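Visitor: Sequence:
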Amino acid sequence: KIAIKGIERELICPACKELFTHPLILPCQHNICHKCVKEILFAFEDSFADGGSESSNQSSPRIRIAASSVDRIDRINRAGIKRNSLTPRSTLFPCPSCQRDIDLGERGINGLFRNFTLETIVERYRQAARAAIAIMCDFCKPPAQESTKSCMDCSASYCNPCFKIHHPWGTAKAQHEYVGPTTNFRPKILMCPEHEMERVNMYCEICRRPVCHLCKLGGGHANHRVTTMSTAYKTLKEKLSKDIEYLISKESQVKAHITQLDLLMKETECNSERAKQEASHSFEKLYCVLEEKRSAALRAIETSKNIRLEKLQTQVEEYQGLLENNGLVGYAQEVLKETDPSCFVQTAKQLHVRIQKATESLSSFTPAAATTFEGFVVDTAKQEDILGDLSFHSNGLEIPEINEEQSRMYNKALISWECSGKTDSADIYVLEYHKLNKEEESVTWQKTEVCGKSKVLSDLDDDSSYAFRVQGYKGSIGSPWSREVTMRTPPAPVFSFLFDDKCGYNSEHLELNPRRTSVESRAGFPLLLGSERLQVGCFTTLDYIIGDTGIAKGKHFWAFNVEPYSYLVKVGVVPGSKIQKLFHNTCDVISPRYEQDSGHDSGSEDIFFDSSQPCTLVTLGMKKFFIPATPAAPKDPASRILPLPSCLGVCLDCDRGRVGFYDAGRMKCLYECEVDCSGLMYPAFALMGSAAVHLEEAVTAKDREYHDDI
1 KIAIKGIERE
11 LICPACKELF
21 THPLILPCQH
31 NICHKCVKEI
41 LFAFEDSFAD
51 GGSESSNQSS
61 PRIRIAASSV
71 DRIDRINRAG
81 IKRNSLTPRS
91 TLFPCPSCQR
101 DIDLGERGIN
111 GLFRNFTLET
121 IVERYRQAAR
131 AAIAIMCDFC
141 KPPAQESTKS
151 CMDCSASYCN
161 PCFKIHHPWG
171 TAKAQHEYVG
181 PTTNFRPKIL
191 MCPEHEMERV
201 NMYCEICRRP
211 VCHLCKLGGG
221 HANHRVTTMS
231 TAYKTLKEKL
241 SKDIEYLISK
251 ESQVKAHITQ
261 LDLLMKETEC
271 NSERAKQEAS
281 HSFEKLYCVL
291 EEKRSAALRA
301 IETSKNIRLE
311 KLQTQVEEYQ
321 GLLENNGLVG
331 YAQEVLKETD
341 PSCFVQTAKQ
351 LHVRIQKATE
361 SLSSFTPAAA
371 TTFEGFVVDT
381 AKQEDILGDL
391 SFHSNGLEIP
401 EINEEQSRMY
411 NKALISWECS
421 GKTDSADIYV
431 LEYHKLNKEE
441 ESVTWQKTEV
451 CGKSKVLSDL
461 DDDSSYAFRV
471 QGYKGSIGSP
481 WSREVTMRTP
491 PAPVFSFLFD
501 DKCGYNSEHL
511 ELNPRRTSVE
521 SRAGFPLLLG
531 SERLQVGCFT
541 TLDYIIGDTG
551 IAKGKHFWAF
561 NVEPYSYLVK
571 VGVVPGSKIQ
581 KLFHNTCDVI
591 SPRYEQDSGH
601 DSGSEDIFFD
611 SSQPCTLVTL
621 GMKKFFIPAT
631 PAAPKDPASR
641 ILPLPSCLGV
651 CLDCDRGRVG
661 FYDAGRMKCL
671 YECEVDCSGL
681 MYPAFALMGS
691 AAVHLEEAVT
701 AKDREYHDDI
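For the sequence shown, counting from 1, position 243 maps to 243 in the UniProt record's numbering; every step adds exactly one.
Derived by calculation from the structure, the hints in this document are not laboratory data.
Fair warning: this is a prediction, and the values are worked out from it, not measured in the lab.
There could be a bad hint or two in this list.
Derived CB-CB ranges, DEER-like [stated by the list, open to error]:
{"hint": "1", "residue 1": "Lys435", "residue 2": "Arg107", "range": "49 to 59 Å"}
{"hint": "2", "residue 1": "Glu245", "residue 2": "Pro514", "range": "54 to 64 Å"}
{"hint": "3", "residue 1": "Gly105", "residue 2": "Glu245", "range": "35 to 45 Å"}
Even glycine gets a Cβ: it sits at the ideal position worked out from N, Cα and C.
The task is simple: from the sequences and hints, build the whole structure.
Guide: See the structure below:
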């Protein structure tokens, strides 16, 4: 006997939300109805045929189709697997319980085990639910009698007389297994779904499913660890019994937790009502402020309207007086009737002045008041933005701050942030960003939700500045926005390459790491042995190395780091046609045998030397960046020396024939010059003495995982 009451939710199919009917065990160990599996697979086929839209069959279980699942279904369909119209062609779908992709393989639904134990429990539940409804005998003549037992071998129900007739003593049928009345008939022996004539007698511990001996010998479980069915039965039953006994022994603790949860639910309801009242009060205060502002604005408009109407009305009356037999004109006509000269002159002088003013007003008509109210337009743009950001703020939720050192712009943007506290109190973060554009009056923030403390963005434009800010949320409670941080994207698409370990590579002086992303010059015994023969000066040459990929056209950018201890490093570009000359022209510029000084300090020697080189390079070293001596460069040597940035970049524009050298951290151009791009161009590097160069690695999704782990 089992306790039926209270286990309903364990007997409900996650797809159709009804009691299980012929439940099947999925590879993820969840259960689902046989008909639901078929409906889901058919729905997948329909959705895939419609371009991924939701199936039109409203009775089918609603399943969300992932892009990866659609791709795998497409591969399966292209494979040409054909079945009859009653069997779905697709064999892949997400589990309704855990959303994990389930691949049924070649056998499809036929490869799943039927969960007879769960089916029996469901049947017991159904019987308990419909105790008043009797199961009738399958063999009685009408009217049928109520059955008293069911035969598991015959899969039929009988009343007592019919059972004796169909199972007489002394026959094989008398040995059949019979139980109480039921409609749930299951086979006595569980057969293997892959080898239908073989019974299962082993249990695969890897796949956690029963298998037969053929599955172990040459099937899909040949290399898996298996155990006998009796051992698996005993082990699993002992574990389940112990777990159930533990739960039963903790019944008082469970009841205490339930009581505590009931109290928490009531407290939650009370606190929610209090929070609603406080929120309503806050909005009511805003309503009051807005109502006061609204009333003041309307009063100001009404006052201005009355003043203007009064002025216009006065002007109307004045012009009405200019009409014949009316006002001023009528009065003037009466004055003209005066015959006494002295009396006429006395009155007409003042009247003539008024008539002249009226005449002038007719020649230059101007309304006494404006009709527009442009000065009374209320600008609410900033207030709308503030109200749009209105949310629940909590003093206990820390304000996140964007970490500019860990954030970087390269092929993609990696934005990282952190909280000052030791614990992370936010459940989710909202990262907003927008492109800085002086022409746009209004700012439109793009928003993305992030579960961790970093985000990789790939939809940013080249050579553009962006503003970033982040906000933390715990439930519906949000922290204030962080300080806005401005970062600039590279001036061109990022060019990916590795150091070339074949063309001109000097393995005695240079050392590459296995990934060919870092190169280091080694000033070891060869330098000491070479210097042993000299009494003065030193014998040092530049060791060149180039990138393994060339550039034919377009605009490209790449970045690298130079170790602070580096003595001398040259970086730039070299044409493919001059690579051989580059590696055979490593002049000894330090030895006393090299002399190119004419005796004056005009700097022409440096310019001549730079123009004679086969490649375009700038010099770095001793934590300095040296701007080449050109006619356009400052004459003062000190003004041509800049601090060495932590990350340097090179931007090559083959279409314009220009190469620029950048502070890659700020994306600021330090030096730009012309370059001949008639052929393939290669990144070039030269090292002297102790030095090292590391190529900047591309931003990937792994960077986000790494920063989240930190």
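Visitor: Does the Cβ-Cβ separation between Glu245 and Pro514 fall within 54 to 64 Å?
Guide: holds, 57 Å
Visitor: Is it true that the C-beta distance of Lys435 to Arg107 lies inside 49 to 59 Å, as the hint says?
Guide: Roughly 54 Å apart at Cβ, these two residues keep to the hinted range, so it holds.
Visitor: Given the hint of 35 to 45 Å, is the C-beta distance from Gly105 to Glu245 inside that range or not?
Guide: holds, 38 Å
Checked against the numbered hints above, the structure breaks none of them.
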